[in-house]
Amino acid sequence: MPEPTAPGSPATPPPPALDAGIGRIPIMSVQPVVDGGRFPASCVEGETVPVRVNAFREGHDAMGVQVVLTAPDGTEHVRRLASTNPGLDLWETTVRPETTGHWTFRVESFSSPYDTWAHTAEVKIPAGMDTELVIAEGVQVLERALAEIEAGRRPEADGPRLRAAINSLQDTSLSPSGRVGPALAADLRGVMQERPLREGVTTAGPFELIVHRRRALFGSWYEFFPRSEGARFDPEHGGWTSGTLATATGSLDRIAAMGFDVAYLTPIHPIGTTFRKGRNNTLDPREGDPGSPYAIGAPEGGHDAIHPDLGTMDDFDAFVTRAKELGLEVAMDIALQCSPDHPWVTEHPEWFVIRPDGTIAYAENPPKKYQDIYPLSFDTDYDGLYAAIRDMLELWVEHGVTLFRVDNPHTKPVRFWEDLLAEFDRKHPEVIFLAEAFTRPTMMHTLGKVGFHQSYTYFTWRHTPQELREYLEELAASAHYMRPSFWPTTHDILTPFMSEGGRSAFVLRAILAATLVPTWGIYTGYELVEDVPRPGAQEQIDNEKYEYKPRDFAGALTRGESLEPLLTDLNRIRREHPALQSLTTIRFHEADDPQVLVFSKHLDAEATGTGVSDTVLVVSLTEHDRDAWTTLHLDLAALGVGDQFEVEDLLTGERFSWNHDPYVILSAADRPAHVLRVVHPEEERHA
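The UniProt record's numbering numbers the first residue of the sequence shown as 1 and each following residue consecutively.
Each hint should be verified, as a subset may be incorrect.
As the list claims (entries may be wrong) - Here are the simulated DMTMM-like cross-link-like pairs (lysine to aspartate or glutamate), alpha carbons at most 25 angstroms apart as the crow flies:
hint, residue 1, residue 2
1, Lys368, Asp357
2, Lys369, Asp357
3, Lys427, Asp407
4, Lys427, Glu208
Hint data in this document are derived by calculation from the structure and do not stem from the laboratory.
Model the full structure from these sequences, guided by the hints.
The following block contains the structure:
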């Protein structure tokens, strides 16, 4: 981030455009701007944000473009854009806001008299063309810059160089090249680059840029059902004893030891008994079946209450306290729906859809039916329902919840989310919302635009290199308003790829999810390779939504069957390498084998904040039942290396000497992927 603009610099205040139309130096297609500025763009603190525009002018005179980034306190930061594709009039740079809050940026294009004169002088003076006229024009241009000092628009520190250059231009005892030399010297060019003399200034913006805390971009989530943690079956009496928030608290140490950042709880509220679902989603529950925690509400309370089997609010507070001690944040699952026994059903029947026969409509997603759930209707008493939901969320924020995973947000009005998320942004900007919206792209993108910080994605169903490459490029292009979260499985989703691929599929997809995007998550049991599907459905048999499911994590680890060591390594690698904490830097490379995916992420020393650059290169299988012997074709510029370089496998510690076309051997059973650190010379010197 450049230093704040000095008072009185050309960027303060912004010069007005010459007219109210397209402007003297047109600026088009500004990015990052969402829907022409209808919605704010967003990023996180310390994130490197690309700024791109198309800007152009008539004729051949020189021009410049700069971005002015304004912090919430009004401090301005100016950065010049570089012309990266003159044929397409493309100008680019990056900005890096360091603090959270509501920022703005504007783009300014301008004619650059100094650069125009410097180019003319470099061409004409050596050729002896119009020498005195060129020199006179140079004096005129530099005197204008000198006048800006007197007007308070330029610092006095520029004066000595400007005066020396003017004196030299006016010294007829020197040769023409000697006279113009100081005016074309690198030190004066630097001054005029940093504080250009500008004409015909045209402004686009300001545009809003909301800067969130870093967890909105980077984090590792671990989802679990607290009632299963410590649940016990008594064979003598044939009944279950539920796990509690207290027993779930004991599981936090294991989750933290694997390097996860977020402990995500499925709903912990009272569960209705009317039309309660039994095991495997049957309509015939057996005695002791706990029901789906998504059928929220019972005489004991609704969304603001805790299921009596799980404990009390004091137990929840103790859970949150222990999580914080371990460096974990707590995420809560928010499902805006009610069981028939929810207090809202009798207290506020206007919040539901009443059918002609007087019954309340239950949830359906044909052919699926959810008889134990009533959807909410926002069309009858919007204000009342809005206030109830807002107050419920604020209750959990008061008790230490900092993230909400929102169940099926696409089944609620987008207007509701825009209102709610804007209010939380004002009152609780630290709170992060994750959209569980496996739905149409337009809805998913719009939820991001109206304020959701993160979104579930189609990663679960994208497997081939072509699919993954196209999808990641799409996600990177929309990263200024929609941040992806990759989950190989969820408690509702077990794809054929996972159920057919066994351990190899689970290892492979964990590596890809953890390295392709900054935020990823797993559903508990993933480390045990739970991969048996319910016949006819893409979900696990004996779905935990409908029964208790205690697990022997320690035993599996002792027997060498658990994926905990891999998950721990992946989270460690993600924390140690800033490159993996970014999305927009992803670049894809080629492999002769079409089932091998090759991608890299690179951050320079400024972006890492460590004084050294960071580059991670991933070479991965995409099929769980095939090995590969293949040659790679690497874009060395994207890796920031020369023709010969070293890489270190972060999973095994092995080192390799590579070039543009290294040969790799991958094994689905033993080595499905390389996760490589590119060894940069400055990194070795720094170490």
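Do the hints match the structure? See the list:
1. Lys368 to Asp357: Judged against 25 angstroms, a Cα distance of about 22 angstroms means the pair holds.
2. Lys369 to Asp357: Status holds; Cα separation ~19 angstroms.
3. Lys427 to Asp407: Within the cut-off at roughly 22 angstroms; holds.
4. Lys427 to Glu208: 18 angstroms, holds
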